[in-house]
Each structure stands twice: as C-alpha cells, then as structure tokens.
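Novice: The chain contents come next:
Protein chains: 2
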Amino acid sequence: MDADLQAVLEFLPCRTPALWFEQARTNVPTLLVDHAHCEKKAAGTALSLLFRYVDHPHLLQSLSRLAREELRHFEQVHKLLQDKGIAYKHLSSSRYASGLRERVSRVEPDRLVDTLLTGAIVEARSCERFLGLIKVLPADLAEFYRLLALSEARHFADYLSLAQRYADKPIQPKLEEMLKVEARLVCEPDISFRFHSGPLAENIPTGAG
Amino acid sequence: MDADLQAVLEFLPCRTPALWFEQARTNVPTLLVDHAHCEKKAAGTALSLLFRYVDHPHLLQSLSRLAREELRHFEQVHKLLQDKGIAYKHLSSSRYASGLRERVSRVEPDRLVDTLLTGAIVEARSCERFLGLIKVLPADLAEFYRLLALSEARHFADYLSLAQRYADKPIQPKLEEMLKVEARLVCEPDISFRFHSGPLAENIPTGAG
Chain X
0 MDADLQAVLE
10 FLPCRTPALW
20 FEQARTNVPT
30 LLVDHAHCEK
40 KAAGTALSLL
50 FRYVDHPHLL
60 QSLSRLAREE
70 LRHFEQVHKL
80 LQDKGIAYKH
90 LSSSRYASGL
100 RERVSRVEPD
110 RLVDTLLTGA
120 IVEARSCERF
130 LGLIKVLPAD
140 LAEFYRLLAL
150 SEARHFADYL
160 SLAQRYADKP
170 IQPKLEEMLK
180 VEARLVCEPD
190 ISFRFHSGPL
200 AENIPTGAG
Chain C
0 MDADLQAVLE
10 FLPCRTPALW
20 FEQARTNVPT
30 LLVDHAHCEK
40 KAAGTALSLL
50 FRYVDHPHLL
60 QSLSRLAREE
70 LRHFEQVHKL
80 LQDKGIAYKH
90 LSSSRYASGL
100 RERVSRVEPD
110 RLVDTLLTGA
120 IVEARSCERF
130 LGLIKVLPAD
140 LAEFYRLLAL
150 SEARHFADYL
160 SLAQRYADKP
170 IQPKLEEMLK
180 VEARLVCEPD
190 ISFRFHSGPL
200 AENIPTGAG
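Respectively, the protein sequence lines represent chains X and C. Reminder that position 132 of the first sequence reads as 131 in numbering that gives the first Met the number 0, one-by-one numbering, no gaps. Reminder that position 180 of the second sequence reads as 179 in numbering that gives the first Met the number 0, one-by-one numbering, no gaps.
A couple of the hints might just be wrong.
In this list, chains with the same sequence are indistinguishable; a pair is considered to hold if it fits within one copy or across any two.
[Stated by the list, open to error] As a list, the in silico DSS-like pairs of lysine-lysine whose alpha-carbon atoms are at most 30 angstroms apart:
id	residue 1	residue 2
1	88	40
2	168	88
3	83	134
4	40	173
5	78	40
Note that these hints are calculated values from the structure, not bench results.
With the hints as extra help, turn the sequences into a complete structure.
Specialist: Shown next, in the form of structure tokens:
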C-alpha cells in the first residue's frame with residue numbers, strides 16, 4: 000500500500016465498522032449527496048481560516064490550494080450526481096464534525112492548532128472510508144474513490160504538518176483526546192446515515208434525518 | 000483590443016477617474032494587500048452561493064470553478080506581497096461592495112439575480128482597473144495585471160450570463176439602477192484608498208482607514 004495511505008490508517012484510532020460499509024452500499028444516493036456537501040464544507044472551513052489568519056503566510060498558501068482541490072472534488076461529485084440522475088439537495092449534518100469541533104479550544108494558538116488537528120482527523124477518516132468504499136461500491140464509483148483517496152491522504156498530511164508548525168507545545172495530548180472522541184463518533188450507532196456518521200442504528204429509517 | 004475586454008468597458012457606466020490611478024501608483028502596498036483581500040472575498044461570495052443554491056446545477060459548477068480561480072489569484076497576489084516584503088494584514092473594506100449589496104433584493108429569485116449582477120459589476124470594474132493599472136505600475140506588476148485582466152473579463156461574462164439564466168424578467172432595469180450606484184461609488188471622493196474605492200479625497204491620509 001502507498002505510504003501516505005498507510006500513514007492515514009496508522010493515525011486513526013479505529014477502523015470504520017463493517018456495518019457502515021454495508022449501509023453505504025444500500026444508501027448510495029445519500030452517500031454521494033452528503034459527500035458533495037462535505038467537499039464544499041471542507042473548502043468553506045479552509046477559506047474561513049484564510050480570513051482569520053492573515054499573518055500566517057505558509058498557512059494561507061497551503062489552505063488556499065487545499066480549498067481549490069476540495070472545490071474540484073465538489074465539482075466531480077456533483078457531476079457524478081447529475082450523471083446518475085440523483086438530486087443534489089440539502090441534508091442535515093451528521094454529528095461528526097460538530098462533535099469534533101466541540102473540542103476545539105477558544106484560546107489562540109490552541110484554537111488554530113485544534114482546528115488544524117480536526118482537519119487532519121476528518122481528512123484521514125474520509126480517506127479510510129474511501130479505501131473501504133472501493134471494495135463495496137460498483138466499479139465506476141470504486142475507481143472514483145480510489146483517485147480521491149490519495150488526495151485526501153495528502154490533505155491529512157498537510158493539516159497535520161500545519162498543526163505541528165503552529166503549535167507552541169506538543170500536539171500529542173490534545174490529538175489523543177480528539178481521536179478518542181472521533182472513535183466514538185464513528186463507531187457508536189447514529190441517527191442518520193452520512194459520510195462521516197456512525198453505523199445507522201437499527202430500526203431507524205435512512206435518508207434525510 | 001480583445002473582444003472580452005471591449006465588452007467589459009462597454010458594460011461599465013464610466014471610467015475610473017485618472018486621480019485614482021495616480022493614487023494607485025503611490026499606494027502600491029495598500030493596493031496589493033486590498034487586492035489579495037478582494038480575491039479571497041470573491042471566492043467567499045461564490046462559495047456562499049454554493050451553499051444557498053443547491054438546486055441550481057449549472058450555477059454550482061460555474062461558481063465552484065470561478066471560486067477556484069479567485070483562490071489561485073489570491074495565492075498569486077499573496078506570493079507577490081511576500082516577494083516584495085509587504086506585510087499582508089487586515090484592512091477595512093471599502094464602501095464599494097457594501098454599497099452595491101444594499102441594492103440586492105431580499106426576495107428570490109431577484110436576490111440571486113441581483114447578487115449575480117453585483118458579481119458581474121465587481122468583476123467588470125476590477126478588469127477595467129487592471130487594464131488602467133498596466134499603464135501606471137512598474138513592469139512586473141503591469142505584466143501581472145495584464146494576465147489577470149483576461150480572467151476577470153471571463154468572470155464578468157460568467158456572472159452576467161448566470162444572471163440572465165436565472166432571471167424571471169428582463170435584467171436591464173435593475174442593472175441600470177445598480178450601475179448608477181456603481182458610478183457614484185467609483186467616482187465620488189472616498190475616505191480610504193482601496194482597490195474598489197473612489198479617488199481618495201484630498202487632505203485625508205491614505206492607508207488603514
């Protein structure tokens with residue numbers, strides 16, 4: 000396996016439960032629509048940092064490039080939706096990103112570092128799910144996710160390296176705390192099926208939760 | 000002259016006053032810093048429309064590409080600032096964008112159409128100023144603005160064509176109203192020198208207004 004992908008899998012606290020992948024296979028429209036929203040939100044998060052941290056030149060250049068790549072992925076997923084006749088519509092957000100954001104400090108520079116760590120975690124999880132989806136989705140979608148997995152692994156590495164760069168103390172303790180939260184968010188039963196959700200709890204209808 | 004550039008100049012209600020270009024020549028740091036902010040804000044505006052109009056596929060694809068190009072320009076201007084040793088810092092916004100936004104309807108589809116017309120006007124004015132700046136700035140900056148002028152002319156055409164596409168009535172009356180406002184904003188004396196400001200009123204210090 001590619002070294003970047005290996006690094007992602009070693010970074011994450013756990014694998015996505017097999018049940019989530021089974022549910023992904025039978026919820027392709029929701030998976031793709033939510034994935035399009037996630038790419039757009041990822042670009043939005045990067046852009047918001049460009050507005051806040053004008054005095055961090057390296058961060059500005061890195062995150063602007065990253066935002067461009069997220070937007071290109073958004074266009075690709077959105078095109079896929081159109082090709083498949085799947086309507087792109089609003090979807091409620093999963094608990095995942097908000098659950099991680101709750102752990103972000105409100106005091107600088109921790110606020111920035113924690114936000115960058117959140118970015119690293121989200122990109123790593125996306126990458127891990129892309130790799131798993133390759134095995135359960137039809138060939139055209141599998142190929143699509145194979146290509147995206149490598150980009151996501153690069154974004155993970157970029158976010159992690161930015162977090163290290165701007166931290167004024169070792170990042171490991173906070174990272175471990177956030178990864179514990181992340182493990183619960185992806186493993187415990189969830190109320191709606193989403194790209195970053197836990198497996199849908201049984202007896203809850205899928206779709207627009 | 001290139002037909003796209005000609006279309007921009009014919010669209011605008013007036014030329015930028017010569018005094019603004021004279022002031023640009025002597026306020027290069029503020030010009031470049033504000034220009035970087037403008038590219039970032041243009042990306043932000045396009046992105047905000049991606050969040051609001053999920054049911055307009057053509058708009059999503061067009062504006063996502065446009066946002067990517069604005070971000071690339073942001074990186075280029077920001078790189079130029081670094082090369083020239085000019086600090087990138089927060090700057091108060093000029094009255095220009097907020098003056099135009101005041102004319103945007105709060106009722107759909109006019110809200111969308113007026114926002115797209117605002118986009119067309121801002122891109123057209125940027126293009127006209129780029130063309131004028133080529134004549135007054137040092138060679139390296141002149142070449143930079145020559146390249147950007149063509150992109151900006153394309154963005155103008157994209158925004159105008161999107162406004163026409165989503166309008167449910169002729170756009171000309173509202174466009175004329177907005178262009179009248181725009182002419183005042185770029186011609187009347189302003190309180191701070193910015194990329195989209197009017198000429199700085201005499202006896203007012205330049206810089207961070």
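Novice: Would you mind marking each hint as holding or not holding in the structure?
Specialist: Hints versus structure:
no., hint, verdict
1, 88 / 40, "both (14 angstroms within a copy, 25 angstroms between copies)"
2, 168 / 88, "between (42 angstroms within a copy, 26 angstroms between copies)"
3, 83 / 134, "within (20 angstroms within a copy, 50 angstroms between copies)"
4, 40 / 173, "within (23 angstroms within a copy, 32 angstroms between copies)"
5, 78 / 40, "both (17 angstroms within a copy, 26 angstroms between copies)"
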